[in-house]
Amino acid sequence: MSAAHDTVDKEGNAVSSPVQALVLVGGKGTRLRPLTLSAPKPMLPTAGTPFLTHLLSRIREAGITDVVLGTSYQAHVFADHYGDGSALGLNLSYITEDVPLGTGGGIRNVYDALTADTILVFNGDVLGGTDIRDVLETHQSSGAEVTLHLVRVGDPRAFGCVPTDANGRVTAFLEKTQDPPTNQINAGTYVFQRSVIGEIPAGRPVSVEREVFPSILAQGRHIQAHVDDAYWRDMGTPEDFVRGSADLVRGIAPSAALAKPCGESLVLDGADVARDAVLIGGTVVGRGARIGSGARLDGAVVFDGASVEAGAVVERSIVGFDAVVGSHALVRDTVIGDRAVVGARCELLRGARVWPGVEIPDNGIRFSTDV
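Just so you know, the sequence shown maps onto residues 1396 to 1766 in the working numbering.
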């Protein structure tokens, strides 16, 4: 397999990498509100590090060091955290959309910053496990102008599907249907020849899935697929965010940003966990967080500085920065915003969302009749 590492000339001087990576991180993350009111979705803590770090580590592991971040919403947060990328062994640059341009428009917006002939594009919302080098190898060996990473899923009805011919060449892009002809779906990773990106209309919103790719096919041009069964999850909803975080902790989702699988829980530096608290299901306890006596956390994501008090139960839920879950509260399938307070013996179930700074009094919300 050909490597995508930086190369050196005869004098030992570094020259441009044959492959650049572009990561699209401009979305507002509305489905994860209220957590994304204060931070872009790719910067939310996931298994102890910003979600984007897991993807950047995979890119670096594949030997690619030149990375452009296509930003928009709260763009400064990325540069403030990553700087020039040297801490990750990367050369990071940032291009910001003044107005949202969609997936295709976002790719076109960074065209002038792209210098390599081959551009690897990532949707910054996706937690994936495929070997990036294999996707590049498929692209290079096929001679295609564009290559898509497709994953096979058990139930493709919730997604648009992408059929291919016997040689792996893409034949169509189909919208959601109750009777999909294939279980192959778009995994949000693409390889473009730079010249193709230059053809995308500039300065207006463009969908790469609904406009760019179908147009290329209609012209009879070659779009190749790299199809596999690798781990894949769109982290756009609270349910998927919690499951993805747990999968990282338990080693189900691979990440070069984690030294090793952590087992049933990950407790970060400075956290205070009572000896009789129960942490299972890939739970993460953030830095400086406190977990009280007898508390039970199953598949929970507790951000830095948050508190889960004695006897509380938190299942498949996210507890925001410096938020408090009161004693003997029950929190299930819920998102609690930063600095919110859920009073003692409250019950929050089935998709509840508590906005930042809101204080719910003791017994303030209950589904059961006893107090």
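Where hints are given, some of them may not hold.
Here are the simulated distance ranges between beta carbons [stated by the list, open to error]: (1) A1597 with A1669: 39 to 47 Å; (2) K1571 with S1481: 19 to 27 Å; (3) P1558 with V1494: 28 to 36 Å; (4) R1745 with A1613: 23 to 31 Å; (5) H1617 with P1576: 17 to 25 Å; (6) G1646 with R1589: 34 to 42 Å; (7) G1658 with S1536: 35 to 43 Å; (8) R1682 with G1658: 12 to 20 Å; (9) A1669 with S1488: 44 to 52 Å; (10) E1634 with E1532: 47 to 55 Å; (11) F1762 with D1512: 55 to 63 Å; (12) E1570 with T1510: 47 to 55 Å; (13) I1675 with Q1573: 52 to 60 Å; (14) D1560 with S1481: 38 to 46 Å.
Straight-line Cα separation of at most 16 Å, EDC-like style, residue types lysine to aspartate or glutamate; simulated pairs [claimed, not checked]: (15) K1423 with D1526; (16) K1423 with D1512; (17) K1571 with D1623; (18) K1423 with E1594; (19) K1571 with D1550.
Hint data in this document are derived by calculation from the structure and do not stem from the laboratory.
Note that the coordinates shown come from a computational prediction; the quantities given were computed from them, not determined experimentally.
Even for Gly, the Cβ is constructed at its ideal location relative to N, Cα and C.
Results for each hint:
1. A1597 with A1669: 39 to 47 Å: Given about 57 Å between the Cβ atoms, the range is violated.
2. K1571 with S1481: 19 to 27 Å: Since K1571 and S1481 have Cβ atoms about 42 Å apart, the given range 19 to 27 Å is violated.
3. P1558 with V1494: 28 to 36 Å: Given range 28 to 36 Å: holds, Cβ gap about 34 Å.
4. R1745 with A1613: 23 to 31 Å: Since R1745 and A1613 have Cβ atoms about 44 Å apart, the given range 23 to 31 Å is violated.
5. H1617 with P1576: 17 to 25 Å: Because 21 Å falls inside the window, the suggested range holds.
6. G1646 with R1589: 34 to 42 Å: 36 Å, holds
7. G1658 with S1536: 35 to 43 Å: This hint holds: roughly 39 Å between Cβ atoms.
8. R1682 with G1658: 12 to 20 Å: Hint holds: Cβ distance 19 Å, inside 12 to 20 Å.
9. A1669 with S1488: 44 to 52 Å: 45 Å, holds
10. E1634 with E1532: 47 to 55 Å: Roughly 34 Å apart at Cβ, these two residues miss the hinted range, so it is violated.
11. F1762 with D1512: 55 to 63 Å: 58 Å, holds
12. E1570 with T1510: 47 to 55 Å: 35 Å, violated
13. I1675 with Q1573: 52 to 60 Å: The hinted range 52 to 60 Å is violated for I1675 and Q1573, with Cβ atoms some 37 Å apart.
14. D1560 with S1481: 38 to 46 Å: 44 Å, holds
15. K1423 with D1526: Violated. K1423 to D1526 sits at ~28 Å, over the 16 Å cutoff.
16. K1423 with D1512: Given pair K1423, D1512 is violated - Cα atoms ~30 Å apart, limit 16 Å.
17. K1571 with D1623: Roughly 20 Å separates the two Cα atoms, so the pair is violated.
18. K1423 with E1594: 26 Å, violated
19. K1571 with D1550: 11 Å, holds
Violated hints for the displayed structure, listed by number in ascending order: 1, 2, 4, 10, 12, 13, 15, 16, 17 and 18.
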